[in-house]
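Chemist: One-letter residues, chain by chain:
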Amino acid sequence: MTGPPEADDAPAPPGDDGDLIAAKRRDAALILPLAGLALLTPPVIGVFGAEAAVLGVPLIVVYLFGAWAGLIVCAAFLSRRLMADTDPGPGG
Amino acid sequence: MTLGSDIIVAVSLGYVVILFALAWWVDKRAARGGAAWLRSPVIYTLSLSVYCTAWTFYGAVGSAARNGLEFATIYLGPTLVFIGWWWLIRKLVRIGRVHRITSIADMISSRYGKSGGLAAVATLVAVVAATPYIALQLQSLTLSYEAITGGNSGQDARIAFWAAMGLALFTILFGTRSLDENERHHGVVAAIAMEAVVKLTALIAVGLYAVFWVAGGVEATFATTSAASLRTEEVFGPRWMTLLFLAGAAIICLPRQFQVMVVENTDERHLATASWMFPTYLLLISFFVLPIAVVGLGAMPEGSNPDLFVMTLPLTRGDDVLAILAFIGGFSAATSMVIVSTIALSTMVSNHIVAPLSVRVLALRGQERSGDVRRVLLTSRRVAILIILLLGYIYFSIAGRSEALAATGLIAFCGVAQFLPALVAGIFWRGATRSGALAGLCIGFAIWLFTLYLPSFGGDVVLPARVIADGVFGIGILRPYGLFGASGADPLVHATVWSIGLNTAALVLVSLATKVSPLERLQSALFVDVFRAEPGRAFGVVRRSAASGDLYVLAQRILGSYAATMVFSSAAQSQGKTGGLPDPTPSFISRLERELAGSVGAASAHAMVNRIAGGETISMEALVEMADENAKLRRATEALRAKSAEAEQSARQLRAANEQLKTLDAQKDEFLSQVSHELRTPMTSVRSFAEIIEQTPDLDAENRSRFAGIIQSESLRLTRLLDEIRDLSFLDDQAAAAKIRPVEAEAVLRAAAEIALAPHGRDKAMLTWDQRAGEAVIGADADRLSQVFINLISNAIIHNDKPVARIELRSFLTADDYRVEVIDNGPGVAPEDRERIFETFFRRSAAGSAGLGLPICRKIIRLFNGTISVDAAPMGGSRFTVRVPLLKAMRAAE
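Protein sequence lines correspond, in order, to chains W and B. Letter by letter, the first sequence follows residues 1 to 92 in the numbering used here. Letter by letter, the second sequence follows residues 1001 to 1894 in the numbering used here.
It should be emphasised that the hints constitute simulated quantities derived from the structure, not laboratory data. Don't take each hint at face value.
Derived coverage of chain W by chain B (criterion: at least 3 residues anywhere in the stretch with Cβ under 8 Å from a Cβ of chain B; other residues may be distant) [claimed, not checked]:
| id | region |
| --- | --- |
| 1 | 23-32 |
| 2 | 35-41 |
| 3 | 53-61 |
| 4 | 66-75 |
Quick reminder that beta carbons are idealized off the backbone N, C-alpha and C, glycines included.
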């Protein structure tokens, strides 16, 4: 009849925490392309249109390919974690 | 420097033979269940790179030479879409797999109620939009062939024609050898993957050559390049945004991209890898575009076509091997695009135009049950491939030669982008309807035709030059490049804004204004909630009846007899049958329809099955349940949560009750021993004095009467004790409540105070009663109420430890209650005991009686709907407060 009295203040089941992290990853998955769009469109990209060069390469070229590569790294980092949360879908 | 045409033709043919051998070998392996390596994320990613056509290989450099960094948008748009794969592409792929989608037109038509009309319109749009794109490939093949063999442009038409015919033959051999039940082409995918590697290698090789061989280092390459020469001031404008949007749309909407991304997908997890690997491929292939353009502009003679720098740069410097590699790279880029594109388009044409027509024609001829649909479809695909390539050739001959490659490609991008509103609305918005999608697609297509496609043929070919300059009938607001007076914009930006804008507006407005059919509603629920819905449940929603034999014949005609037998026998098995055909349950018919949809498209499969079943009814009840799956899930979760909270609450209550019961049990034991002790004490003295009287006959009269007095008083004590116990049990009986009548409370209190004080001398007890309530009528039993007051006042005297007990009475009225306070100067009640002294079996002190007085008081007051409580008095003792509702307040409440 008597339940364990500590049941009320027992820690939340681990599933809740995992769900929270998964939800954050999904948010990140939405924010990443939006952030990419912001980085690759005016006004941000215009800032790097100045006359300058990095090791002989125009700044804007370095920025464009640098931002591009950065987005790819973030996407690679995120996709592994996102896929770990999801089911493989129907077979076939 | 040029090379002999025989060498080039031989190299090209050799390359094609290698491709074909690879495809043939892979198809053979795949048929035997091997070729697991084909189903890897790397192959998937490489097949996606069919996006990079001759436009990328040749045109990007040309674009970079003309417009600086603008070329990058074509690869940045898809990058953004792919790094956001979780939200859009993943859903498309899941829907494609669940519903056996065969093409983008099939996807749109399936979503909007398996509409055959919508599928046909979408097919038409796709075919028309593809013509400039195919023309672009023919143009690049022609230009590169001319450049490498040193031919002149007089040969253009001939070269392009033979290229088109060669590609048609190639594609027919490649892609339409069989009618796959799920439209997957393993051999083609393998060939495309190989071509992806070839074109990337070739472009990087030329890039390295340009930077380190021709220019002599990175710094030297960019020596003449500055922000100004890249035109950074102008590039990042509306055209930049438009190109990003169009490229992002194209990666989803181009029929060939949809084919490799959704239809050929073998595992959803490949997307996760492709989400970064495909952008990496795009980054790599664009990496040397700018250097090649810059070096080419510096090293090549004035007036050279920048579109061909990739090949002419090594060619003019005599590096023939590299030039041939570049030619092969461009050749592979062009062929891979044409192969996949025509396969995708011919599938659409045969499924959405030929199949519905042939069903009708066969029905007219009375051959509804016999004609071989498979052969018709396969033939129609072959014919369609030929026609599509011919259309591309015609476009090239009329319009293609003058334009830069990128400009031609962008016309196609804008055309296929018309699918985007219907596609995105279809998978995110349940409210989008068939009429809305059809209206949006038609309006967008019409505006695209008028503002971009038709003018691209140039003056006087399709649109007279006068119309292009002055508008239709000379009406200024109907100028193709200045629609509705919006002049001055870049034609591409102009066309994109108007066509996509009005397309979306029409889709939304018409959707809001039209009603959805039950089938549309079902499909919209299945598409929008694809990650939650169980497709198996949807099968039961559509109710049809048909003879199993008829269905079997139909399946044989479409799937072929082997596949049809497999489907039917596995269905029979799952129905628990050992042999024969399965029962034609609605669920089985829907399942079969989905199988057929994998071959002929959702709309045609639906029409064919319904022709046999003679119509369908959609169970609204099941549909609503399906459609509300989401809401139901939410409700169920809520209910579950509430239930568990409830369970927790009752568990807590049970625990508390259990604790109380335990305490009560202990108190009861204590009480019984107390009662027996209390009864025993007077009993002992009664017995012993009675013995003395009995055994001592010569007892003097004085003692005898004293002993008799003791016996009498002890008996009285016993009686009182027993009365109290009886009172307790009596008060448990609810019938006691029946005796309640209106009582003048102050009078009762006055009498009770007198009675309580009577046994005690004035020197032992002092009672003050200054604050009086005056008239107060309460619902009570006067005798019982008096008992309470007497008990409280007596307790205050008896349990007092001071020489003189001072008792203060206060009575007053609140809005609803009559209240009496009995305040003493005694020892007070410890806070932890204040509640317990009212409990039946609590013994307050060893000096007192069994302690039944206060529990009795509480029971009595409760009968009157009142309360009794105790707290600390200001002067140190305790204060008992009795609260009984006034009768008028009770009446008012009733």
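Chemist: None of the hints should be skipped; say for each whether it holds.
Modeler: These are the hints, each one checked on the structure:
Residues of the region 23-32 of chain W lying with their CB closer than 8 Å to a CB of chain B number 4, which satisfies the three-residue condition for coverage. Judged by the Cβ-Cβ criterion of 8 Å, the region 35-41 of chain W is covered by chain B as claimed, because 4 of its residues qualify and three suffice. Counting residues of the region 53-61 of chain W whose beta carbon lies closer than 8 Å to any beta carbon of chain B gives 8, which reaches the threshold of three, so the coverage claim holds. Figure legend: the region 66-75 of chain W, annotated as covered by chain B; annotation consistent (7 residues with Cβ-Cβ distances under 8 Å, at least 3 required).
Checked against the numbered hints given earlier, the structure satisfies every one of them.
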